[in-house]
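*Asks:* Chain by chain, the residues run as shown.
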Amino acid sequence: MKLTRFEKARIIGARTLQLAMGAPPLIKVSKDMKDPMQIALKEFELGVIPITVRRRLPPKKEVGELL
Amino acid sequence: MAKKKMLSEKEKIMILEKEIKDRIPLSLYEELKDEVLKVDLTEDELKEVIKEVKKRYEFAIVEPGEAVGIVAAQSIGEPSTQMTMRTFHYAGVAELNVTLGLPRIIEIVDARKEPSTPMMTIYLEPEYAKDREKAKEIAKKLEMLTIGDIVERTEIDMIDSKVIFYLDKREMERREISVEDVVKKIKIKAEKEYDEDKIIVKAKEPSLRELRRVREKVLSTYIRGVKNIKRVVVRREGDEYVIYTEGSNLKDVLKMEGVDYTRTKTNDIHEIEKVFGIEAARNAIINEIIDTLEEQGLTVDIRHIMLVADMMTVDGEVKAIGRHGVSGEKASVLARAAFEITIDNLLKASVKGEVDELNGIIENVIVGKPIKLGTGMVELLMKKEYEQMRGA
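Residue numbers (the numbering used here), protein chains in the order written: chain F, 1 to 67; chain D, 1001 to 1392.
Since the hints were made in silico from the structure, they are not lab data.
As the structure is a prediction and not an experimental result, all values here were calculated from the model.
Note that the Cβ used here is the ideal one computed from N, Cα and C, for glycine as well.
Errors might be hidden in some of the hints.
Stated by the list, open to error - What follows is a set of in silico ranges between Cβ atoms, one per label pair, in the way DEER data are often shown: (1) F/Ala23 with D/Lys1051: 37 to 45 Å; (2) F/Lys42 with D/Ile1371: 27 to 35 Å; (3) D/Ser1027 with F/Lys42: 39 to 47 Å; (4) F/Ala20 with D/Glu1048: 43 to 51 Å; (5) F/Met37 with D/Ile1371: 21 to 29 Å; (6) D/Asp1252 with F/Lys8: 57 to 65 Å; (7) F/Glu45 with D/Lys1051: 18 to 26 Å.
Generate the whole structure from the sequences, applying the supplied hints.
*Replies:* Structure (structure tokens):
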């Protein structure tokens, strides 16, 4: 699934927060990779972040009900 | 070496249908097909073209969550400020005065009942369009003419209780009307006398009020023409004659013989709505705004204007942007109160006991919740596989 830029931002943001609060990284991290966002971006690139999005369809409306 | 071979028409269409037909809008597909058939291409080249078209099309799609309304407002608002600085007056087109620039834009989005300068562009059917005389003939039939237009002055005779109309001979000659024609049009049941340069109408009662009434009635009598069409100008445009009119009456003009009803237009959006319906009104709004902007040398992406036109017409009738239209009819109390006349809206809503569901953007900004737009619209979930893995 192709994510919108908003979805991408939210996923990386959420993962960064987890890492910043001490969650173990899902990839091998070298010594000089300390920034949680850098790690989160790398994880996103590799597709290992276990977060996805829910997309809702607009609610079905009765005929005649417009606004 | 087979790949280097130029494709035949059949092969091209086959590749197009397989690769792209269902991925892009039909109109775009047709355009692409027409262009591709015009040139020689190898299979690789065609695939490259298709790839580029797909890329550009996908790039043009707006992502869900994008604040299209704000972007449209800014994209129209910015050039509009340029307009205020440059002009705020009338410009003559074909000897007719037409409201242009910012005043015209305001007029359109306010959905005024009548434009300040209603105007029609009347195209003619081929046999009339090429012939100057025939075009003029139609123009003459169009122009509204009342007795008032050919009367120089009037006199009220209290003694004999009659009204005397002195005719403007030169004007009558110019418009090719005889005194008899005029007298025939006066439908009042009263004694009428006439000679070369005046018409006398006797009133039934000898009162000043009655005499005045007779005078007004006679002066506003139609001699010929279409109601509301005040002035007519015939202009040559390319290889045909086109009629421009001041004043608008779409319904009656379309019925006239020789008028090409497929191309004739008016700048009165409400009239278009009445005659052709809401979809036509939407198109008219889009075209009018684009034309006014373009006339000023400004280009705004059509999609912004389409959004405005859509907002104005979703309900099946043309509504204004602003207090009396779109913004005034929002479902949310807080959104309405935030726009204009705050206290009034809150008061009326509380009297009615309205409930705000906090579904929109403005309401949530007011109460301080995250808004459903952009990143705020995204709902995060744990991936299913990961959860199952942990559960196992």
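*Asks:* Can you give the numbers of the hints that this structure goes against, from lowest to highest?
*Replies:* Per hint list: zero violations.
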